[in-house]
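Trainee: Sequence:
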Amino acid sequence: MIGGQLTVKTKHNAVTSSNLSRASESARSATSSNNQSSSKFVQAPSWLVHFTGPVILIGIWWIAYFFTLVDKNLLPSPFATLYDTGINIATGDVLTDFWFTMVRVFYSFIIAAIVGVPLGIILGANKKIYQSVEFIIDFFRSTPATAMFPLFLLLFGLGDFSKIAVASFAALLVIVFNTAYGVMNARQTRILAARSMGASRMRIFFDVIFFETLPQTFIGLRTAVSMALVVIIVAEMFIGANDGLGHRIIDAQISYNLTDMYGSILVTGAMGYGLNVFFLVIEKHLVHWSGK
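Just so we're aligned: 171 in the working numbering is position 171 of the sequence shown, and the numbers increase by one with no gaps anywhere.
Among these hints, one or two may not hold up.
Ranges between beta-carbon positions, derived for each pair [stated by the list, open to error]:
1) W62 - S132: 49 to 59 angstroms
2) I87 - F67: 56 to 66 angstroms
3) D243 - S132: 36 to 46 angstroms
4) I191 - W62: 26 to 36 angstroms
5) F79 - S132: 52 to 62 angstroms
FYI, nobody ran anything at the bench for these hints, they're computed from the structure.
C-beta: ideal position from N, C-alpha, C; glycine also.
Start from the sequences, fold in the hints, and give me the full structure.
Mentor: Structure (structure tokens):
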């Protein structure tokens, strides 16, 4: 009798444990499915992230236009502006000015990078040399580039060279500062490790310091190309330009062609955003060890 009761209890416990295991498995599967569904829910709208900013901008613009928060004589409809801009792009009208501005920015940036990166490395490699010229770099870096327009106009005239020169000067200071900062703040542990293995000063410089400098140098390059674009646009507005996006913006403002003016501003912003993304992609592939 007692053996039968024990057998029944054993079977009952086995059934209970089996039910519990099944319940735990079902709970785990439900939890995993919920996690997968929640992860899918989180990942599903990720492609919308890149469009959120433009949609918000257009939405705020439309609200301001529709509810007359700004005088409609000063703020056109965003959809009319986009339509007019699309027509100008399709006809190649905007693309011509886009090209001229891009060429000026390219020349300005290349000149600044070719001069600024080596100069920043040399200054950063010797703190005493950098400290001796630190005031000059910080002084002109803190001086608005637009304040230098009269000086560069006197030196180089009204042509493209003066625009490129002042933009190169502004971008140069940013590159020099960031490159020198990167050299001076290279990780000493890696330098000491290279010295302990008997590496020469040149080998340490090219194999350790140079690569340690690249992340900060790319920050300077990205900032410099944005600086060059800003200076070029302003120079095209006020320093005797016959083409370029800056000239197009100021010409549309004078002729009261608001859709063209706002559209040109949007195209200029797209150019700056594209240049920044371009350098971010290059930095991600070339300086993949950054922060490690």
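Trainee: Work down the list of hints and note, for each, if the structure agrees.
Mentor: Consistency of the hints with the structure:
1. Judged by the Cβ atoms, the range 49 to 59 angstroms given for W62 and S132 holds: they are separated by roughly 55 angstroms.
2. The hinted window of 56 to 66 angstroms between I87 and F67 is violated, with their beta carbons roughly 27 angstroms apart.
3. Restraint check, D243 to S132: a C-beta distance of roughly 42 angstroms satisfies the suggested window 36 to 46 angstroms.
4. A hinted range of 26 to 36 angstroms for the beta carbons of I191 and W62 is inconsistent with their spacing of about 56 angstroms.
5. Range check, F79 to S132: Cβ separation about 57 angstroms, and the 52 to 62 angstroms hint holds.
This entry does not satisfy hints 2 and 4, going by the numbered hints stated previously.
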